[in-house]
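> The chain contents come next:
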Amino acid sequence: MLYIAKRLAFYVLAAFVAITVNFFLPRLTPGDPASTIVATYSTTLNEESLAALRQAYGLTDDPLFQQYLTYLGNILRGDFGRSLSNFPAQVSDIIAAGIGWSVLLGLTSVLLSFVIGSALGALAAWRRGGIFDRFAPPVLLFLGSFPYFFLALLLFYIFCFKLKWFPMGNAYSSVNPPPFTLSGIGDVLYHLIAPAFTVVLVSLGPWTLNMRNAMIGVLSEDYLTLAEAKGLKPRRVLFSHAVRTALLPNITALGAAIGGVFSGQLLTEIVFTYPGLGYSLMRAVSAVDYPLMQALFLIITLSVLAANFLVDTLYVLLDPRVRAGQGA
Amino acid sequence: MPDLVPALEITNLSVGYATEDGIRTAVDKVSFSIAPGEFMGLAGESGCGKSTIAQSILRLLRAPGVITGGEIRVAGHDMLTANSDRVRELRWHTASIVLQNALTSLNPVKRISAQLKEVLERGGGIKTPAELLEMVDIDPSRLSAFPHELSGGQRQRVVIAMALALSPQLIILDEPTTALDVIVQQEIFVTVKALQKRMGFAVLLITHDLPLLFDVADRIAVMKDGKIVEAADTATFRKHQEHPYSKALLSATPKVDFTTIQPVAERGPVPPVLETHHLVKSYGRNPFTGSAVLRAVDDMSFRLAPSEIVALVGASGSGKSTFGRIVTGLIRPTSGDILVDGHTPVPVSRRRPGTPRAAQMVFQDVYGSLNPLHTIGHHLRRAVISAPGTDKRDVEARVAALLTEVGLTPTESYLDRRPHELSGGQRQRVGLARALAASPKLLVADEPVSMLDVSIRRDILNLIARLRDEQGVAVLYITHDVVSAGYIADRIAVMHRGKLVEEGSAKAVLKNPQHDYTRRLIAAVPGGLGLPTDQPEVALP
Amino acid sequence: MSFYETFGKIRRQALGSIPVLVGVVILVILVGSTALARWIAPYNPTRATGGINEFPSWAHPFGTTGQGQDVLSQFLYGGQNTLWIAFTIAVLTTLLALIVALTSAYFRGWVDDVLTLVTNVFLVIPSLPLIVVLAAFLTPGPATMIMVLTITGWAFGARLFRSQALSLREREFIAAAEDVGERRWRIVAIELLPNMGSVVAAYFVNQVIFAITAQASLEFLGLGDGGQVTWGSMLFWAQNTSALIRGAWWTFVVPGMAIALTAFSLALINNAVDELGNPRLRADRLLRKAGFRKPSASLMTPVKRDA
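Chains as they are written, first to last, in the working numbering: chain Y, 1 to 328; chain G, 1 to 541; chain L, 1 to 307.
Bear in mind the hints are in silico, worked out from the structure with no lab data behind them.
Careful, some of the hints might be misleading.
List time: in silico DSS-like cross-link candidates among lysine-lysine, alpha-carbon distance up to 30 Å [claimed, not checked]:
{"id": "1", "chain 1": "G", "residue 1": "K127", "chain 2": "Y", "residue 2": "K233"}
{"id": "2", "chain 1": "G", "residue 1": "K247", "chain 2": "G", "residue 2": "K193"}
{"id": "3", "chain 1": "G", "residue 1": "K29", "chain 2": "L", "residue 2": "K304"}
{"id": "4", "chain 1": "Y", "residue 1": "K6", "chain 2": "G", "residue 2": "K110"}
{"id": "5", "chain 1": "G", "residue 1": "K117", "chain 2": "G", "residue 2": "K127"}
{"id": "6", "chain 1": "G", "residue 1": "K193", "chain 2": "G", "residue 2": "K110"}
{"id": "7", "chain 1": "Y", "residue 1": "K233", "chain 2": "L", "residue 2": "K304"}
{"id": "8", "chain 1": "L", "residue 1": "K289", "chain 2": "Y", "residue 2": "K233"}
{"id": "9", "chain 1": "G", "residue 1": "K255", "chain 2": "G", "residue 2": "K29"}
{"id": "10", "chain 1": "G", "residue 1": "K511", "chain 2": "G", "residue 2": "K247"}
{"id": "11", "chain 1": "L", "residue 1": "K289", "chain 2": "G", "residue 2": "K29"}
Please model the entire structure based on the sequences and the hints provided.
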């Protein structure tokens, strides 16, 4: 499994780059924001907290390289320092509280839009030139043209505020996360519908159009001609030959799209006050909470890298050519 | 008596392609029929409509193709009035088809067994997938293989096995071996003929290769511009062609003239224009052992005298093209020495305008070797300007002279045209003119005619020979086709798996091959070489 | 069919295609009106010229904002700012992507390896969080916006152009140009680059869409220059003054639809040109034009029956 090993090495490298960027960014940008942070918060925090903050932020007098090593060590131990806006809460605790909800929303919406989009794309390509094929692409392009947050606001206003079909934010009704019971799961799903629907709606277009293009390409391949010549039933030709092969490029695109969908999802969370990482990011930005912001960037990046790695692995299982080491 | 029903009966068939201005006819009222068990060949040049017919029979012709009239009956069943479900039912049970490109006609993500099984699941099959593979001489253990794990020839065998799975009355072979080497082609047809004898199916073979039909077909039809111009049984056709086009097509195929066998002229102690010593090009170095995974060119020592035409003959993958690219400097050798006109070729990365270019390349792909965005004038001017010792004021005159040399006159009418406005043959002439711009000592012509229609191949070969006679340029003619090699070359060198296996005077090599591989190569030539002492059908049982 | 014929045909057909027509009309109206903002905008966009959250009227055709500014004037001036920033970002990312891709194609070898690796790293790191972090550390303003979105937006193009350049490089006309001794930069500039025209154009249009949306998202998060009127900042202020909850939907819908319609018109044009250039779809179109309608892509050559 040389291919998998190569991909893994690449993602480790990408993660390392992200961590390094994260370290140098506050130190190299003009105006030395790192010191500014300390100055900004010096009025609200006592001397002891400030010292802790400096320490946590690595603003010591050590040489830069030394600071970098310390930083790397902290990251590896899962220590991201303390949040400034929620001092003295640990950044890692804040993230731990949000990541579950983000993953839930992200997985749900990415999987739904991938499945629905691929199905619609396959249908459009198969019934090429039909009613659906002529009207679906422009409509989906139109929906995809909205910024995530704007469509989210619109849907929030109509369905949550005016019609009150869905709850006005949060991921559950009670103060604490609900127990793992049938009604608890139902409550969570109920809160999930509106934000997930938003993300699916905006991201549906590319899946559909990509799948449609891939299908149109596959449908003109020689092996499709042969499958038809063999007298196979249209259903069989469609699913067993065309869709099966056309899905492969769409799965490759899945990896590339995860980052983008995740970005859009963060904005959607903000609008629906869904307690995921996006919502934390929004609060961190408005409170100028740099440690939290940076940690969020790292965690989100690492999650996306992990998701990409999973997609790559899945691809290897589906495409025998890559398995044989021809692809990559 | 079902046997009296023709395997295929086509009456007044017309097929067209929809364009912006209505339907353009590609097949015009064609009629022919194939008796049960008969092997019929349909020959013609590209665009004549032969493949259109092949694909129309099972209604597999893609958009914008439309069948505009006539009747197609396969084993008595009308294919054109039947509804879609009925046609699907008839496909493969009555007739099956083998497509041209073996590499793309199997689904790359499904195992061989699955692709065989889905045919057998339709019912009426008499064999298991393993038996089917054995039938075409493939080890049944390959059932679990994916298509990319098989060679081109093996893949085509798998498709043939698949085509026979439901024992149809007719098998349509649409240029099934065009992408394969001659030896593989011969082996496949030996298998097909043997199976035909045993199972009694009829065959419709579509090809551009008339000599191939002489070997395998019972009856031959020749197509031109959508019409069948002549149809006759093979023996009759071979002796005498009625239609002038059939004659032209046959005479355009280069033939080796064995009546004037003479030894290669002794040229005295002239320094060779090309000389290599133990030349090696290897690819894909293994990171652990350091040994090469593939040796494309393996220890080639070779000489080419000035004004000599030497054909480098070999199958695809034999390393002959790699060798040609090393000679022109497009690729650098891994080891060994090479001298072109007494100098090591300047690698293209270090070539500058004005650098002497002793060896120049003529490319195979007449569609890809000219930039579609630039005019013919641009291509030639660039080649002339970068030639050593060019005076800026002489460029236009030189371009005109080059065009005249390759027979593209009046020259002004070509200067502002773009490649797509030229025919394949004209494009290859431009390619030759470009190669001649720097007055090279050696032309490396890499399969210069294999993508051209049969009828113009000989013209281009004649042009190359004439350029040698007039300008004294030496030619390394790289080809897979021993006949054209014998037609044009003074000497023939045979390459096999990166090694030079045989070398000698062209006709001597053809007449009396020493190496086993050369013998197989020559034996596989469709229609034979026409050796006076030889009976042509050596190859097939 | 050759490139040239295809290109000419597409150009001619594009002018007659309904999606292209719709796209062009929307785009011309939006770009034209915002370009004329100085002359046609009724008010100063930053000044309070009416009541708070006034419903659209003759005096304020698109209503007023939570601070009493005229929404129409904000839409016109904001569009100007939004569009030139987006255009600049699209130009810069396309250029950067081209430079990286062509450098890869020119030098090959280890330079190509390194650039590919860098490109892939940029591709896989999710852009929004990176943009947020970058923007948070820099002073807000158009320059920051352009820089941040250029840094995070070029990678996909570089990969696209590189693969295009690599496949072109395999074409024999490149080898032929090398063979006659053309300099390598000339091969890249004269033989390679012009053949990438359609891909570059399509990518550029997509980048304008990306830049408009990403810019609005950043401003919505409060990472833009709050003092500058753009479509994104209009949305930011609308959200900040809880305009939707107060029922002032026009302060949202105007900038939101402006963004969506600009993106939509560009996407429509891009998609339509792509469709016209696809030979397979073309074949289907020709068949339909000749009067043959197929219920599905199932392969069954139609038979014309004489009436």
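> If a hint holds in the structure, say so; if it doesn't, say that too.
Tested hints:
no., hint, result
1, K127(G) x K233(Y), "holds (21 Å)"
2, K247(G) x K193(G), "holds (27 Å)"
3, K29(G) x K304(L), "holds (14 Å)"
4, K6(Y) x K110(G), "holds (25 Å)"
5, K117(G) x K127(G), "holds (10 Å)"
6, K193(G) x K110(G), "holds (29 Å)"
7, K233(Y) x K304(L), "holds (24 Å)"
8, K289(L) x K233(Y), "holds (28 Å)"
9, K255(G) x K29(G), "violated (34 Å)"
10, K511(G) x K247(G), "holds (26 Å)"
11, K289(L) x K29(G), "holds (24 Å)"
In this structure, only the earlier hint numbered 9 is contradicted, and the remaining ones agree with it.
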